[in-house]
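Engineer: Sequence:
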Amino acid sequence: MVSIASFAAPQAFAQGTAAVPADGVYDLIVGTYTGPKSEGIYVYRFDTKSGDATQVSSAKTDNPSYVLASRDGRYVYSVNEQPGDNRPADQRGGISAFSFDAKSGQLTFLNRVSSDGNDPCYLSISPDGKYLTTANYSVAANPGGSFAVFPLQADGRVGPSVLTVHHDGGGPVKGRQDNAHVHSTVFSPDGKYLFAQDLGTDKLYSYRYTPDGSRGLFGPTQQRYTEMKAGSGPRHLVFGADGKYAYLTNELTATVIVFRYDDGKLTQLQVVPMTKPGFKGQVGAAAIHLSPDGRFVYASNRGDANEILIYAVDPANGHLREVGRQSSLGKAPREFSIDPTGQWLIVGNQNSDAAYVFRRDRQSGLLEANPKRIDLGSPVDFKWVSPS
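Under my numbering, the first residue of the sequence shown is numbered 1, with each subsequent residue one higher.
Certain hints may be false.
[As the list claims (entries may be wrong)] Subject to a maximum C-alpha distance of 27 Å in a straight line, what follows is the list of computed DSSO-like cross-link-like pairs (lysine-lysine):
| no. | residue 1 | residue 2 |
| --- | --- | --- |
| 1 | K174 | K229 |
| 2 | K174 | K37 |
| 3 | K103 | K174 |
| 4 | K37 | K372 |
| 5 | K130 | K103 |
| 6 | K37 | K130 |
| 7 | K265 | K130 |
| 8 | K229 | K276 |
No lab work stands behind these hints: they were computed from the structure.
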């Protein structure tokens, strides 16, 4: 039996508590930016008893900077983040599908479709498993930021997009908010809504999901969007384990926002700075995830900070309290992940060609020193699948 060991689809929920394999070993799927030291997606066997990772396979595909496993672990999807900063704007990114034999750790390419936009950087699967969505960040003003929706076929292949939604507008930060930049697409815990976080327009757009077609597949809610402070740059959103609260990283201001969630509506409760008082360097808040038990929120900050922030969650009101911070020991910690047992946190330093595996104290939430190192070109994203 193959099973996904965490809520990998959608990843915006807190990680689950599925039964740990008897031997404590998971498949760890790693997405990268391709180049001289990386050819695509890598699969490691990860021993949660020791924290050791051993590479078992790889699959060639260009810039799989975000990867996602199906709920049953039989398929893996990746973005192909193109064209990037120095390529023609008329080049579109891609979405690739692979079958995955979790027992052997082998990926087999199935197909690839256009992402119907530039620079796809995020994936999620609808709660009913019927559709895959991607966020097209779009460095180029034309076509600009969007999200696209793709049907998932019974054999795991991804079909051509059936819907592409473009956003208009921008923000005050020149060079970063000249146009829309959709950075994540996240389904609500109740499965009724999709939230599209737009770094360029400082908005969290909300869409009603109606797969029966009664109101169109996705349609704007009455509220349409939740607006952030100008120049914030909303990036990634994650919902708490009980679905009552949500947490957002703002990339440009390096803040975490706490929201109350209720039937498609987000109400801001708290703004938490990620930088130390007096910090003067560059910032770049990125990923945000909860511990498997939902007691802690972790967020990564790049720029000159290059660290993981650790917050305790107040279960009474969802508020966050900083309890620690840990250097990522490299440059540009874009993404990270906590294993399903909650014992380990792995962070990829995109610009240092290395990932580090920190032992995690499940009671305090803190990360221990002297992590294990994995040498890999531009490691970015991590997902877990149980082979048993």
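Engineer: Look at each hint and say if it fits the structure.
Structural biologist: Structure-based check of each hint:
no. : hint           : result
1   : K174 with K229 : 16 Å, holds
2   : K174 with K37  : 33 Å, violated
3   : K103 with K174 : 48 Å, violated
4   : K37 with K372  : 19 Å, holds
5   : K130 with K103 : 25 Å, holds
6   : K37 with K130  : 35 Å, violated
7   : K265 with K130 : 24 Å, holds
8   : K229 with K276 : 20 Å, holds
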